[in-house]
Amino acid sequence: MDEHEQAKTSPDGRLLCPRCGGPMNFHAQKLDRSVDPATDTDMDGVLAEFHTCPACKYVHERLSRS
Amino acid sequence: MSAPARQSEKPLFIPVILGTPRQGRYSEHVARFVAGELAGFAGVETQLVDVRDLPMPVTGAGEDVKDPSFSELCMRADAFVIVAPEYNHGYPGLLKHVLDTNLKEYIHKAVGLCGVSAGGFGGTRVIQNMLPVMRELGLVTIFWDGNFSSVQKLFGPDGALLDPSYPRRIERFLRELIWMARVLRYGRENVPVES
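Which chain is which? The protein sequence lines are A and B, in order.
Numbering of the first sequence is given in my numbering, commencing with residue 1 and proceeding in unit increments.
Numbering of the second sequence is given in my numbering, commencing with residue 1001 and proceeding in unit increments.
It is possible that some hints are incorrect.
Distance condition first, Cα-Cα at most 35 Å in a straight line; then the derived DSBU-like pairs of lysine-lysine [as the list claims (entries may be wrong)]: (1) K1066(B) - K30(A); (2) K8(A) - K1153(B); (3) K8(A) - K1010(B); (4) K1096(B) - K1153(B); (5) K1066(B) - K1096(B); (6) K1010(B) - K30(A); (7) K30(A) - K8(A); (8) K1096(B) - K30(A); (9) K1010(B) - K1066(B); (10) K1010(B) - K1096(B).
Don't read these hints as lab results, they were simulated from the structure.
Computed from a predicted model, the values in this text were never measured in an experiment.
Based on the sequences and whatever the hints tell you, model everything.
Okay, structure coming up:
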């Protein structure tokens, strides 16, 4: 996960692709249990979310906000 | 999805990963054969990726040793074919090392597995051992496999396929993979996880 990469958000709440600026689709959450479980004790790991850009195929990963 | 709609789709990109660096590998013949068959499908682009060619340090692991060009290729991919020889019932260590360098690039993408063996089981055991790895990487496996038994007898010294039954077998495998790739691409691009 590139923790330095930032994506802006559109007015309707979708992330905007850091590469081309198009709206991305938030299609997956995945639990990473290899990290310190204390970071999210409910989930025993860290929840990452994945957003795909339909225009350029770029995938953005970030820590889940939910 | 109607045929006219499909004609306007972007081509699917489905690379074939040759999963062993060993000298004298018969799996290379398999990978070239599968890539050739895949290239014959309309609306599909492919590329042979040889793990031997990837600059892959073994002093680190995972995304710490990610190769930018391989990462970009995986990002562009809609699905993967992995050709893996069976070594003592397992998969080659370098293949696992290479696969572990990415994660977000795989999420909700299809994968078809081709097992290669010198014996008569067509790499079924390496395929079985790879399934949980594929799942953890976020890939979606299909229910067809490519099984290449007695591989040393399947190809001539020049790599020519000697068994005429294989194109038909692999066609079914690839059709399933292409269907899954198309469906998952639609899902990645259009179906939100929270709706």
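Structure-inconsistent hints, enumerated in ascending order: 2
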